[in-house]
Amino acid sequence: MLRVFTAIPYVWLLVLFLVPFAIVAKISVSDYAISIPPYTPTLDFSEGWAGVNAFFAALDFENFTFLAEDELYWKAYLSSVQIAAIATFLTLSVGFPIAYGMARAPREWQPALLMLVILPFWTSFLIRVYAWIGILANEGFLNQFLMWLGVISEPLQILNTNWAVYIGIVYTYLPFMILPIYASLERMDPSLLEAAEDLGCSRTAAFWHVTWPLARPGVIAGCFLVFIPTVGEFVIPSLLGGSDTLMIGKVLWEEFFNNRDWPVASAVAIILLLILIIPIVLFQRHETKERERGA
Amino acid sequence: MNRLSWFNVVSLTLGFAFLYIPMVILVIFSFNESKLVTVWAGFSTKWYGEVIRNEAFLDAAWVTLRVAFFSATIATVLGTMAAYAMMRRGAFVGRTLFSGMIYAPLVMPEVITGLSLLLLFIAIGLDRGVLTIILAHTTFAMCYVSVVVSSRLVSFDNSLEEAALDLGCTRFQAFMSVTLPIIAPAVIAGWLLAFTLSLDDLVIASFTAGPSATTLPIKIFSSVRLGVSPEINALSTIIIGIVTVGVLVASVLSKRQIAQARRDEAMADQAEG
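Residue numbers (numbering that gives the first Met the number 0), protein chains in the order written: chain A, 0 to 294; chain B, 0 to 272.
It is worth saying that the hints were derived from the structure and are not from the lab. Don't be surprised by glycine CBs; every beta carbon is placed ideally from N, CA and C. Possibly wrong hints are sitting among the right ones.
Computed, partial: chain B to chain A, Cβ under 8 Å [to be verified]:
| # | residue |
| --- | --- |
| 1 | Pro21 |
| 2 | Met80 |
| 3 | Ile239 |
| 4 | Val246 |
All chains, please: the whole structure from these sequences, using the hints.
Shown next as structure tokens:
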């Protein structure tokens, strides 16, 4: 029975997860053509080996040379990684104090606080991004509020800039940062901190010697969980970002849906995957190590 | 004893304000009379009427619910199988690949998953529609289910299953009558997660939907691109309401079940003692 339990999901994932990547890889070395499907060559078995040979002969790395030569793509990759890194740092800065506060809260409050963090995560991602359009727009709530306070006299342009993208990412990915940090801090014994302070540590020193080492696995997991998907993010830059917000997820989308250039879109996807493979492998190692330590 | 410092109180207050204020504004302004979303012009529920009369929204909602139901159900079966197999089997050929394929979709950018599945469907000549969205959603949702179920299986007492096997059960009988009832809360949580993920997905559905099927997120996205509208606020409020009630009910039920399980254990301990 265990064999059956392995085989069915295994085959499913092979067919619907691994094989599709092989197809993407294949199309990335094909050429654009005005036909259905819009690329050449297609594998033709009717001609036997000659057909297969012709098929392989027609494949080349032209799309990758194209990507390497066109500045737009390089800049899009770089700026995606940069935006994701800055946003991850911001999410950590916002999320850590919340997770820390939750872990320090009285035990009987903690389930309710946890619920409050998880609840937005269940609510539609799209709606949560959408909610910010009305807040950040020129005539939006934030500008109205700041002008009412008298801090500014003219509305700030926030929507359609990278700042709006950062805010959107921090907002939607915050639970992914809070939950792992909270999970690692939750077990912390507060008497450890008191002991450190009794032994003459300053509050800051106690934090760095006691709290930080305990929180670190959670911080690392949280950063990966925010950084990796953010690099390929599409919804946030397309709704909150401006025309000069370059993110590769958006480039891929437009290449595919607007230009209908499938081979270039596939090449963009392959390079994105190669960039992400390092953090993905590091993340998986980190998780396995933590699980073994916990067991 | 846990004590909150001023710093903790301030960061919790600001943090939760940040998480909830945007939603609250959205909900309040769904009852706005005016077409202008940022100027309050009096209370009205007319936008809810507009949503309910909008055939395109209703059709999309129906497609979305069907897709979410079927993909969550298949994903739960497959994900539970995968989690159980990974937990009970030792080394086997391809184990690393298997666990890699379970974890990778969790962090894979959606544009890549969507593009690759679409190219697969085109390559095998499958017409894009409700079926292809279900297949796509099942694939990434089963990985989430598997993670949720395996976190429950880690703390599962293996000796119960072994006792059933010793008493002459087949492995399948032991799984169905001993293991499954015990891990049921995790399996249900996995189904709920898969269901919400499917309801929520825009990117993968956009790639795999084709012109014949439109889901609610695709519909919302295309109208949101044109700007904020009170109708979308009303629709969002309905969705937020349903999700909130669902999550609260599920959490109360699971809390009750955990309490019941604790009482049963305590009684069993007493009986032994």
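Going down the list of hints, with the structure as the test:
1. Pro21: Where the cut-off is 8 Å and the nearest Cβ of chain A is about 4 Å from Pro21/B, the hint holds.
2. Met80: This interface hint holds because 4 Å falls under the 8 Å limit.
3. Ile239: With Cβ-Cβ at 5 Å, under 8 Å, it holds.
4. Val246: The hint holds - Val246/B has a Cβ within 8 Å of chain A, the shortest such distance being about 5 Å.
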